[in-house]
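Numbering-wise (my numbering), the sequence shown opens with residue 8 and increments by one.
Note that these hints are calculated values from the structure, not bench results. Idealized CB from N, CA, C, for every residue including glycine. Please note: incorrect hints may appear among the correct ones.
[As the list claims (entries may be wrong)] List of simulated lysine to aspartate or glutamate pairs, DMTMM-like, C-alpha gap at most 20 Å:
no. : residue 1 : residue 2
1   : Lys-22    : Glu-138
2   : Lys-165   : Glu-116
3   : Lys-61    : Glu-128
4   : Lys-83    : Asp-109
5   : Lys-61    : Asp-28
6   : Lys-61    : Asp-29
7   : Lys-22    : Asp-40
8   : Lys-91    : Asp-40
9   : Lys-61    : Asp-92
10  : Lys-120   : Glu-164
[What the hints assert, rightly or not] Pairwise CB distance ranges (calculated):
no. : residue 1 : residue 2 : range
11  : Asp-109   : Lys-83    : 16 to 26 Å
12  : Lys-61    : Ala-154   : 17 to 27 Å
13  : Glu-93    : Tyr-146   : 27 to 37 Å
14  : Lys-120   : Glu-93    : 16 to 26 Å
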Amino acid sequence: MGIFLGIDVGAVSVKIALLSDDESLQTIQRASDFQDLFYQPHRNGKSKEEIFSKILVTHYRRLKGSPITATQQLLKQIFGIIPKDEIRGARVCGSGGPLIQDHLGINHENEFKAIARGVGEIYPNISTVLEMGGQNAKYIALERDVASGTAGIADYEKSGDCAAGTGSF
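Make a model of the complete structure from these sequences and hints.
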């Protein structure tokens, strides 16, 4: 199938997750060598192949008041490493998502759903997520669908806008 991009454009920064299937696993593993672009998780004794088998996440990039420019620059770096023909789809979420959706012509995803699915895939034993953003904070209780095993939302709460307390004053 290929690689899918998950673009999170918040109030302060943008970051992109690359999700691969088995067919594109080698591409993701090669891309993981670019440490200036991609986050390098602690391996805890695991091999590179085990760590980068599903997902690769860029370092966040500050928007500096220009979410479109910051997103385009990050995508340009990614496309310098990963051939565009290996990209099979993209979704955008976050408070800046609608702006990027219109600019790039890609679908917007509800950020609560995106968080639940992502955390549920990578950390199957996690049942509670606290996410602190530049604009708000979120609490999400996860539950698994018995039939599919997919993580879903059992309960959630969000703080008021501008109540996240990032400390960037």
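So, going through the hints one by one against the coordinates:
1. Only pairs whose Cα atoms come within 20 Å are accepted, and Lys-22 paired with Glu-138 is accepted, the gap being roughly 14 Å.
2. Note on Lys-165 and Glu-116: the hinted pairing holds, with a Cα-Cα distance of about 17 Å set against a maximum of 20 Å.
3. A hinted pair counts as satisfied when its Cα atoms are at most 20 Å apart, and Lys-61 with Glu-128 qualifies at roughly 9 Å.
4. Taking the CA atoms of Lys-83 and Asp-109, the gap is near 18 Å; set against the 20 Å cutoff, the hint holds.
5. For the hint linking Lys-61 to Asp-28, the alpha-carbon distance of about 7 Å falls within 20 Å, and the restraint holds.
6. Under the criterion of a C-alpha separation no larger than 20 Å, the hint pairing Lys-61 with Asp-29 is consistent with the structure, at around 8 Å.
7. Between Lys-22 and Asp-40, the direct Cα distance comes to roughly 18 Å. Compliance with the 20 Å bound is thereby established for this hinted pair.
8. Distance restraint check for Lys-91 and Asp-40: the Cα-Cα separation of roughly 18 Å lies within the 20 Å cut-off, and the hinted pair is therefore satisfied.
9. For the proposed pair Lys-61 and Asp-92, the alpha carbon gap of about 18 Å is at most 20 Å, so the pair holds.
10. About 13 Å separates the Cα atoms of Lys-120 and Glu-164, which keeps this hinted pair within 20 Å; it holds.
11. One distance hint, 16 to 26 Å for the beta-carbon pair Asp-109 and Lys-83, holds here, with the actual separation near 19 Å.
12. Restraint check, Lys-61 to Ala-154: a C-beta distance of roughly 22 Å satisfies the suggested window 17 to 27 Å.
13. The hinted range of 27 to 37 Å is satisfied by Glu-93 and Tyr-146, whose Cβ atoms lie roughly 36 Å apart.
14. Take Lys-120 and Glu-93: their Cβ atoms lie about 25 Å apart, and the range 16 to 26 Å holds.
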